[in-house]
Every structure is written in C-alpha cells, then in structure tokens.
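Heads up: the sequence lines are chains A and B, in that order. Residues 4 to 184 (this note's numbering) make up the first sequence, in order. Residues 12 to 546 (this note's numbering) make up the second sequence, in order.
Treat the hints with caution; some may be incorrect.
Mimicking DSSO-like on lysine-lysine, the simulated pairs with C-alpha atoms at most 30 Å apart in a straight line are [claimed, not checked]:
| hint | chain 1 | residue 1 | chain 2 | residue 2 |
| --- | --- | --- | --- | --- |
| 1 | B | Lys518 | B | Lys205 |
| 2 | A | Lys142 | A | Lys83 |
| 3 | B | Lys518 | B | Lys289 |
| 4 | B | Lys238 | A | Lys83 |
| 5 | A | Lys142 | B | Lys238 |
| 6 | A | Lys17 | B | Lys353 |
| 7 | B | Lys289 | B | Lys507 |
| 8 | A | Lys89 | A | Lys166 |
| 9 | B | Lys205 | B | Lys238 |
| 10 | A | Lys92 | A | Lys149 |
| 11 | A | Lys83 | A | Lys132 |
| 12 | B | Lys432 | B | Lys353 |
| 13 | A | Lys17 | A | Lys92 |
| 14 | A | Lys18 | B | Lys205 |
| 15 | B | Lys205 | B | Lys353 |
| 16 | B | Lys507 | B | Lys518 |
| 17 | A | Lys97 | A | Lys14 |
| 18 | B | Lys205 | A | Lys11 |
| 19 | A | Lys97 | A | Lys17 |
| 20 | A | Lys14 | B | Lys29 |
| 21 | B | Lys432 | B | Lys205 |
| 22 | B | Lys539 | A | Lys11 |
| 23 | A | Lys89 | A | Lys142 |
| 24 | A | Lys14 | B | Lys539 |
Since the hints were made in silico from the structure, they are not lab data.
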Amino acid sequence: MSEVIEQKNIKLVKKLLLVVLAMFGFGYALVPIYDVFCDITGLNGKVELSAANEGQYEIDTGREVTVEFITSLNETTPMKFRAITKKLKIHPGKYYTVDFLAENSTDRPMIAQAIPSISPGAAAEYFHKTECFCFTEQKFAAHESKTMPVRFVVDPELPERYKTITLAYTFFDNTDKTVKN
Amino acid sequence: MSAVVTEHDDHHDHGPEKGLLRWVFTTNHKDIGTLYLVFALAMFFVGGTMALIIRSELFQPGMQFVEPQFFNSMTTMHALVMVFGAVMPAFVGLANWMIPMMIGAPDMALPRMNNMSFWVLVAGVLLLASTLFMEGGAPASGWTLYPPLVLQTGNALPFAIFSVHLLGISSIMGAINIIATIFNMRAPGMTLMKMPLFVWTWLITAFLLIAVMPVFAGGVTMLLTDKFFDTSFFDAAGGGDPVLYQHIFWFFGHPEVYIMILPTFGVASTIIPVFARKPLFGYSSMVIATIGIAFLSFIVWSHHMFTVGMPMAGELYFMYATMMIAIPTGVKIFNWTATMWKGSMTFETPMLFSIAFVVLFTLGGFTGLMMALAPLDFQYHDTYFIVAHFHYTLVPASIFILQAAAYYWLPKWTGHMYNEKLAQLHFWLSAISVNILFFPQHFLGLAGMPRRIPDYAVQFADWNMISSIGAFIYGFSQLIFLYIVIQTIRQGTGEKVTDEVWEDAKKHGLEWHLPSPPPYHTFTTPPKVIPTEHI
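This is chain A alone, in the form it adopts within the complex:
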C-alpha cells in the first residue's frame, strides 16, 4: 500500500475515533438532557423533591378535582405502607394535609426513601407540596410505625381537562445503600 494512502487512512481513522468518543459522551449527556427536557415539559411526572413555599392562591371553590393516593413498596422493602386517606375531592388553590402510615416490619433499624410520582405527568407542575416525608430519607427504629403528613396545594392554573390527579409513593429500602442524588 502506498505511503499516501496510509497517511490518508490514519487521518481518517483518527477522525472516526473522535466521532466514536463523542457519541459515547453523548450517551452520558442524554442523562442531563433528559432531566432538563422533562423539567421544562413536565413529561414524565417527576415531582419536585424540595418543599415549595406556602404561597397564596385564590381558592377556586367553583371547581373540584379528585386527588387519589396510591402507595407501593419496591420488591423486597420489608415495610407496611398505606395512605390513610385514599381519595379526596379538593378545590384548587386551597391547602390540604393527608396522612400516610408506614411501619418497619423488621427487627433492625431501617432507612427508607419514598419516591413520588404524579400522573398524568403533565399535571405534575401544578401540584405543589409544602411538606412531605419524601423530601428526606426516613429513619425507622425496629418495628416502629409512623404517621407521616403530606401538605399540598393544586395550582388553580391547572388546565380544565384534568379532573383526577393520582399521587403515588413507592418506598425503597436504602439501609445498605448511600443515596446519591
């Protein structure tokens, strides 16, 4: 093979390897891109993980929205977990507090994290929580049972087409794991 072609090959291979590296990086870049995209568009029902300020809204007494509360446990999380209030008819703009009951079913202390999710996803940005047990990890002593409140408000700006909002919590057992967020 002539020298010239060999030179050309090496140059081309270097360029193509750069493309490969860039695409590997792009795979990782998709992680923040996805988060930002979902944040802007509210696509996947991700809920804010810090407390909202208790702002004032005009209470829309003429309108009723049903809020449902669902609880679940991840695979092997050894807990009991339920919503005391299953369903609530609310007025947008008014603050409500509902209670959840969680119990550690093991003989050892446990650290657990609840992850919220709202459906329909696009309603998530109108749902604000000023208080929630999901903002931090929860510590349970052996067999300890806790009643935990969630205080929330639904923004009156919520588009008319949403009649029902479902708030779901899943508890994950994080005792053996440090959570990075």
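Guided by the hints, dock chain B onto chain A, whose structure is given.
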C-alpha cells in the same frame, strides 16, 4: 458498458500460509471474510437451536420442557446471538469479501485491525455464551436489557455487559475499516456514484454503527455502575428514571435494526438486476433513499415506547416521523419491482430468495406501519404481533438475502457450482415454512397473546402449534443449506464455473472479471475500466 480488466503479472503474489495458524494471524480480506461467514453460520445454528427450544415449549399450553427462567434466558439469548453473532457478522463477512473486489482495491484499508475485530467478536460471543452456565442463569430480561428487571440478573450481568462492550468494539473497528476502505482505496475511475449499491449501503451502515454503538456501550455501562457502584441513573430510589434507559437503548436500537437491513437492501439491489438482465432501476434514488432511511432512523426511536406514558405531542411526533420511513422504503420496493419489469428473468436460487425477500419484507413493512399508529400500538405492544413483524423483516429479509448472497457468490469464492436442485428445495421449504412459522403469530398477537412468556391461555393453542410446526420445518431445512455450502466448498457439482458465473454478470460488477476462485491477492494493480451497468 464494460471492458476487460487487464491481467497483471503475479510473480510476487504469494498464497496463504500453511496450517491452522493461517486463520489466526491472517490479515487477508478474503480469509477474514470467510472467518466471519463461517462464524456467523455457526451462530445461526446456535441461535436457531434456542429458537426451537422456545417453539418446543410453546407447542402446547402448560409447562413442558424448560423452567420459566430458562425460557426467558432463551428468548434473550436467541435475540442477542442472532443479532450480534449471526446477522451482523455475516454482513461484515460479505463486506470483507466483496467490498475490495467490488471497488478494485487490493485489500481492506486496515488489515491488522480487521483481524483484531474478528477475534474480539469471537471473545465477545464466547463471553456471552458463558453466561448460560453461571449461577442465576443467562440474562433473562429480553435483549433490550431493561432495568429494573435486568438488574435482578445473577452473576451473569457483568459478563453480559462486558460482552456487549466487546461486540461494540468489534463492530466499531469493522465499521471504521469499511469507511476507510471505501473512502481511500477505490480504483481510479470508481467514483462514489459508480459504486455498487452493496458498497453504498455498507458505507451508510458503517456510519450508523459508529454513531450508535458507543451510545449503547454507555447505556449498559450505566447499568453496570447502577448495579455495583451505587449510581442511580435508572434507579428511582436515588432519583433516577428507568424510562431514561429505554430512551438510550432505542436511540441505539432503532438504527441498529437498520444496520441489519440496509446491507440486505444492498445485496438485493446487486442480485436482482443480474437475473432480470437489466440495469438497476433508479440507482441514484436508491442511494438517496438509503441515506434518507439512515437519517430517519435517528429520530423515531420512541415508537418502541408508545405505552410508557408519553404526552400526546410526543406520541404524534413519533407516529408521523415513523410513518415517513415508508416513503424511502417504498421507493426501494418500487425500484426493485421496476428492475424486474419486462426483464428477461431467470429463477436461479439467488433470484428466488431475492424475490421472496421483496414480497415478504413488504409484508413486514406493512405491519410496521400498523404499529407506527400510536393508538393501535397500544393493542399490539409486547404481543406476538410485534414478534411476527420484526421476524418478517429479519428472517425472510436479512436471512433470506444472506442465503441469496451465499448462493450468488459461493461459485465465485470457491470456483465450484452449488447443487441447484437441492438449493431450490432449500428455497421452497424455507419460503413456505417461514410463513407457517410467523404468519399465525400475527393472529396470536391480535388476539392478545403477550410475548416472552413460556405458558399461555388455551385459546392460543392452535396457532401456536402451527407456528411451532413451521419452526421445525424451517429449522431443519437449514441443514440442507449447511450441506450445500460444505459440498460446494469441497467440489460442488463438479461443474467448472466461468469467471462471470452468471450470464452477463461482468456488466454488473468488478468481482466477475476476476478468475473463479479469485487468487489470494487481487487487484494489486487497480483495474482499468469500471463496469457501469448497475448505474
């Protein structure tokens, strides 16, 4: 127009090394092509055996032969072995053999890397196969490896992930080699728009490979760190999102399915004109359509995930974008049909397989259009309908065309003619049984039978039984293919083939100007005149 390639003198031409080590250290494109093809054929039978285990279990409702966990491993491994072990390596093998001969180059641009990419592939597939014997069994989450399910895999998980890394590295090296060969090694006068379509489709496929394999490698690396290093890319407990994996996977996965079909289009575009005795209809529109399909493949990935809870705008966008793919694909189907129109067709085995490809791939394309409609997809998602769809676009498309390619070029490679009667028997058994195998799966899917389950409701029993019977006929028919290939390599029918093998093939490609079999080194001096019939 075509002309004779000038004979060049061969006295510093040397043959292959003696002994088995020839195959380990070889940098010759024909040797490496052979290695790839033989390996792919072996994996075709391994993956096929797994498919027959699946179809045996599904022959009747209830649990018959295997444990559910093993059944799920079989569906997963069948897919991984067929995609990464059989179809992709087979096309790389064809590329190795044919691209230098088609563009008048002496060898691939980077022969040592060529050798390495083959052996890395073997290592990757062996690593994958080793997971079958590990505690907890082979991966059983489906070839998509979705978390959180895949994270429950036993000891096999890191091995499967490293295996994906190796397969990715091998494909990327192969792709870089092909791009360098096509860009830098063409004979004088072989302009881009004079290249045979097989070369064109491989060029575009190679770009797809280097664009998406690294993304997949990144995605599985995230799975690895999620499992062992406490990251939370896909772990909801730490603020991650499992749906993110699906986006990363299908950003790779959709171009990946075109990586398996574009070279198929290339081979079909090479074979059909020869047996229709006409130039290919619409050469430049074929090139443009291929580029169009490749581009669209990057912007339609979420049609694999219509049911994850996307908002309306997303569903609509991915629905319309997906349906657009039908346009360039339709152009291709039209061009193949128009090439045959009023041609002096003969029906040797390569042509039979190619015609069956055009018809059956179109069927697979139509079911694809049905599933592109988001509201309908909610019914079809994860049922046997999707299984029928993608098997129609892979088995009677990619596999049929690979076998057409084998029949078409084997006489060139070996200098022996294959047994036409047996080959036609292989074709008819395959073409009929593949429909007995996959067509009933449409009905099963529409009736609601989910995919990836070892047991099913009795209402699905009849069609499953028919499908399994088709599977066994199809599977065992492939032994005829194996026999024909071995027989042709040994001495064939004894009939000496000419250089051009097929009538007037010289007009259609440079490879037919070489002797059959071609000497170990070809085109060490570039050929003078380029055949232009395919343009």
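Structure-based check of all given hints:
Distance restraint check for Lys518(B) and Lys205(B): the Cα-Cα separation of roughly 13 Å lies within the 30 Å cut-off, and the hinted pair is therefore satisfied. Straight-line distance between C-alpha atoms of Lys142(A) and Lys83(A) comes to about 14 Å, which keeps the hinted pair within the 30 Å bound. Distance hint between Lys518(B) and Lys289(B) is fulfilled; the C-alpha atoms sit about 10 Å from each other, no more than 30 Å. With a CA separation close to 26 Å, the supplied pair Lys238(B) and Lys83(A) stays within the 30 Å bound.
Taken as a hint, the Lys142(A) and Lys238(B) pair is honoured in the structure, with Cα atoms around 24 Å apart against an allowance of 30 Å. Distance check on the hinted pair: Lys17(A) and Lys353(B) sit about 48 Å apart at the alpha-carbon level, beyond 30 Å; violated. Straight-line distance between C-alpha atoms of Lys289(B) and Lys507(B) comes to about 26 Å, which keeps the hinted pair within the 30 Å bound. At roughly 16 Å between alpha-carbon atoms, Lys89(A) and Lys166(A) fall within 30 Å of each other, so this suggested pair holds.
About 50 Å separates the Cα atoms of Lys205(B) and Lys238(B), which puts this hinted pair outside 30 Å; it is violated. Among the hinted pairs, Lys92(A) with Lys149(A) is consistent with the structure: their alpha-carbon atoms are about 25 Å apart, no more than 30 Å. Our distance criterion of 30 Å between C-alpha atoms is met by Lys83(A) and Lys132(A), whose separation comes to about 23 Å. With a C-alpha separation of about 26 Å, the suggested pair Lys432(B) and Lys353(B) falls inside the 30 Å cut-off, and the hint holds.
Distance hint between Lys17(A) and Lys92(A) is unfulfilled; the C-alpha atoms sit about 63 Å from each other, more than 30 Å. Between Lys18(A) and Lys205(B) the alpha-carbon distance is near 25 Å, which keeps this suggested pair within the 30 Å criterion. Of the supplied pair hints, the one linking Lys205(B) and Lys353(B) holds, its CA atoms being roughly 24 Å apart against a limit of 30 Å. Proposed proximity of Lys507(B) and Lys518(B) is supported: the alpha carbons are some 21 Å apart, at most 30 Å.
At most 30 Å may separate the alpha-carbon atoms for a hinted pair to count; Lys97(A) and Lys14(A) exceed this at roughly 66 Å. A distance of roughly 22 Å separates the Cα atoms of Lys205(B) and Lys11(A); the hinted pair therefore holds under the 30 Å criterion. For the hint pairing Lys97(A) with Lys17(A), the CA-to-CA distance comes to about 62 Å; that exceeds 30 Å, so the pair is violated. Only pairs whose Cα atoms come within 30 Å are accepted, and Lys14(A) paired with Lys29(B) is rejected, the gap being roughly 35 Å.
Pair hint Lys432(B) plus Lys205(B) does not hold up; C-alpha atoms about 35 Å apart against a cutoff of 30 Å. Taking the CA atoms of Lys539(B) and Lys11(A), the gap is about 23 Å. The hint holds against a cut of 30 Å. Proximity of Lys89(A) to Lys142(A) is assessed by CA-CA distance (about 24 Å); at most 30 Å being required, the pair is judged to hold. Proposed proximity of Lys14(A) and Lys539(B) is supported: the alpha carbons are some 27 Å apart, at most 30 Å.
When the structure is compared with the earlier hints, violations turn up for hints 6, 9, 13, 17, 19, 20 and 21 and for no others.
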